[in-house]
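J.: Chains as they are written, first to last, in the working numbering: chain A, -9 to 142; chain B, 47 to 408; chain C, 131 to 505.
Wrong hints could be hidden among the right ones.
Stated by the list, open to error - Listed next, the in silico DSBU-like pairs over lysine-lysine satisfying Cα-Cα at most 30 Å (straight line):
hint, chain 1, residue 1, chain 2, residue 2
1, A, 13, C, 459
2, B, 145, B, 131
3, A, 33, C, 384
4, C, 371, A, 53
5, A, 67, C, 371
What the hints assert, rightly or not - Short, incomplete list of chain C residues facing chain B, as computed with Cβ under 8 Å:
hint, residue
6, 264
7, 265
8, 338
Stated by the list, open to error - Per label pair, the in silico range of CB-to-CB distance:
hint, chain 1, residue 1, chain 2, residue 2, range
9, B, 203, C, 458, 56 to 64 Å
10, A, 110, C, 150, 30 to 38 Å
11, C, 171, B, 147, 21 to 29 Å
12, C, 278, A, 64, 52 to 60 Å
13, C, 373, A, 111, 39 to 47 Å
14, B, 219, C, 373, 55 to 63 Å
15, C, 171, A, 64, 19 to 27 Å
16, B, 115, C, 150, 35 to 43 Å
Since the hints were derived computationally from the structure, they do not count as laboratory data. Beta carbons are placed, not taken as given, at the ideal position from N, Cα and C, and that holds for glycine.
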Amino acid sequence: MDNAALKERILGLVPDAEYQENKQFLTFIIPPAKMHDLAFKLKSEADLAFDFLFCLSGVDMVKFLEVVYHLESTSHKHQLELKVRTEDRVNGAVDTVCDIWRTAEFHEREAFDLVGIRFNNHPDLRRIFLEEGWLGHPLRKDYVDEVNIVEL
Amino acid sequence: MNFSIYDFTSFTQWIDKFLYDNLPAFWAIAVEMTLIGLVILVFYALVGLFLVYAERKVCAFMQNRVGPNRVGPFGFFQTIADFVKLMMKELVYIKNADKLLFNIAPFIIIIASFMAIAAIPFAKGLHAIDFDIGVLYVIAVSSLGVVGILLAGWSSNNKYSLIGAMRSGAQIVSYELSVGLSLVTIIILAGTMQFSAIVEGQANGWFIFKGHIPAFIAFIIFLISSTAETNRGPFDLAEAESELTAGFHTEYSGIKFAFFFLAEYMNMFIVASIAATVFLGGWMPFHVSGWAGFNHIMDFIPPFVWYIGKTFFIIWIMMWFKWTFPRLRIDQLLTLEWKYLLPINLVNILIMAFIVLMGWHF
Amino acid sequence: MKEVIHLPVQNVEEEEYHINMGPQHPSTHGVLRLVVSLQGEIVKSLKPHCGYIHRGIEKMCEKDTYPQIIHLTDRMDYLSAHINNHAVCMLVEKALEVEVPERVKYIRTIVDELNRIASHQLWWCSFGMDMGGLTCFFYGLRDREKILDIFEESFGSRLLHSYYTPGGLMMDIHPDFQKNVKAFIKYFRKKIKDYDELLTGNIIMQLRTQGIGILSKEDAISYGVTGPSGRASGFACDVRKHHPYGVYDKADFKEILGTKGDTFERYMMRMDEMLESMKIIEQLIDNIPAGDHTAKMKAVLKLPAGEYFQRVEAARGELGVYVVSDGNKSPYRMKFRSPNFSNLSVLDHISRGCKIADLVAIGASLDYVIPDIDR
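Working from the sequences, and respecting the hints, build out all of it.
T.: This is the structure we're talking about:
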């Protein structure tokens, strides 16, 4: 499916998705509440068949926290980028997609550990790289650590 | 005094007469027993040292490298340096370990292999214990070693050691069957269980040639099962370095570890000796019946040299396939024994018995 | 800070016990802690604990300039160091719309493939060693030394070179490079037959790897297992074929796919890949065009604001580099999608019901490098 048809399809599934200009991928910003349903349809519908989640990143954009999903279909070869944003920096939560793409289990743990985004219904949401008792989320822009970070 | 390297009986009888002439009977026997014990101890230690060095060199040449070559000429004294180091290491005290069992375990293994070595004939007349049930005695006594391994694994208070000991226990107990049955094949051919009689019976041809096909099969099975018995080669998962760190002797250090280490090499020597004695003629030179001139030339080489040569040849084969093959998993190992080796062994015994009855051997 | 790990306790039966294949273990190939729940010898479940070598590379990238980031990427999956460098270099070049000379593309492709062979040689060494055939370790390393000698001659170091820079290469290749590479290929084609005789054809090795750790195609896609491990299950994920870069589209090579997805197939994938890499190098080595070894780049590289993504085929799978740039000389956010991270996540799933010895074999066949997992 080419990008124009794909764009129509996605907007058909989630009318209040916001299209974002991006040279490389077809990008949409999805409201957090609609993400899980959309993800399910993206994987299960035969003409979409997005079965390969090849990157899940957490980004701290100061005003909001963002989760970026890069998807590909192994059968149709089309690619898609989705973003989900949450403004709450303390308890911001997004629905997990690890029941749809199993790779998300580890990637979401990493996003939680380093950026601090929580994922609802995740089977085992705990820190993956840092110790259990670590305070703070290092990849946030307001993270301060006098001991471990040396400012040059 | 008639002392020849071809027949040690004159030498041993000379010592015996000397002692009995000069000491009361009780003390003569006591001195004799001490002497034998000392000789075996020294032999054990020296051969052990040499075998460790040999293993490192053989392994190095197969892996395209040189091996120890710094300590002494060609690295000959490397093992001595290793043992001095091991003797000086701290004996680590394990909390919550069963102290009595922990300390006894290495000794049990060493005692078991001592008792087995005493029954092997090294040359004509150099034979410490000559039972008429020699083969049975050796098999029985060398299986005491498994008690030491199980005790070591259990008393270490360590999950890895326990897993290693359990695996090893299952393995040794299973393969004893194959070892015993393959030796039974030759006993049928030889007609006796006494080691000296078995060796004498090979004066005109080794049993592996006399008994042709069943003897050869028995030899192969014996090699495989005895490698498994001694926890060596492809069957070394009891101490699988890449999985369980060091298996049942993980928690041992210093001289106790040296005991386990030494016992492994000496067990290998013992099984190679038994193979050499029972299948390849022990200290008998290589004779072909009918070729008198050839036999005469072969007789020039002293029996002791023959025995050592054959034993080390088999040891070299065992080392060769240790460093070539990957390791078998515990269930594959037990499958090999119970589903393949045991039935083959039983059929082999039947064939051999039939051949002996019919007189179809050389 | 004291580490207290509370494992979620579900259905712990009476005979289950936990064993720790701790951070120091001969066969986890790096600092990875696996808490394995066993029943006798059977693995019931396992939980990997990563983070022992987490160095905060992504955080450091936010303060470093793009040429400095190349040096950090070397240290992630150090066995495919060049390929990691390649990803970041291509991303910067595409973002700045710089066209690198053909010579650079040829050399980068050849060096990438040499790196892939070296990485697979080291994998083979340690696979044999984990199985118990210690001799394999020395044979593989002996042959890998030849590649490292070529690298040392041209780039100056054996393992972590940082040879690629945005725009081209740090310096041109040594005049003897082509001759040495051709000599190596001739030498290695003979030696790889030894590898097959020593390990592949060995009945013990086949018994221990066939039918073990089966990963189905759907699971491979769902867990994101790429590289030879994913291709063994039938997942056609070779980035060199599907999203070609460098001069891979000019070379004729097969994408090797398996069907069964067991440990033996994963093993055979890598052995066949070494042969394919040699084929690629042979086709390209004599045709390196003359030219500059670098394009003209500004002194300070500032990527225009926006997002960029670059995918390459590292030795272990698909490496993705995702950059969010705000126009400065350092990225605003740099995320590395590391292949080993996803490959590790499938270890629990495929090792249920197998024995400890099989666990070691499965781990060796997935071929993970821990610094890449932890970054």
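J.: Going through the numbered hints above, which ones does this structure break? Give me the numbers in ascending order.
T.: 4, 12, 13, 15
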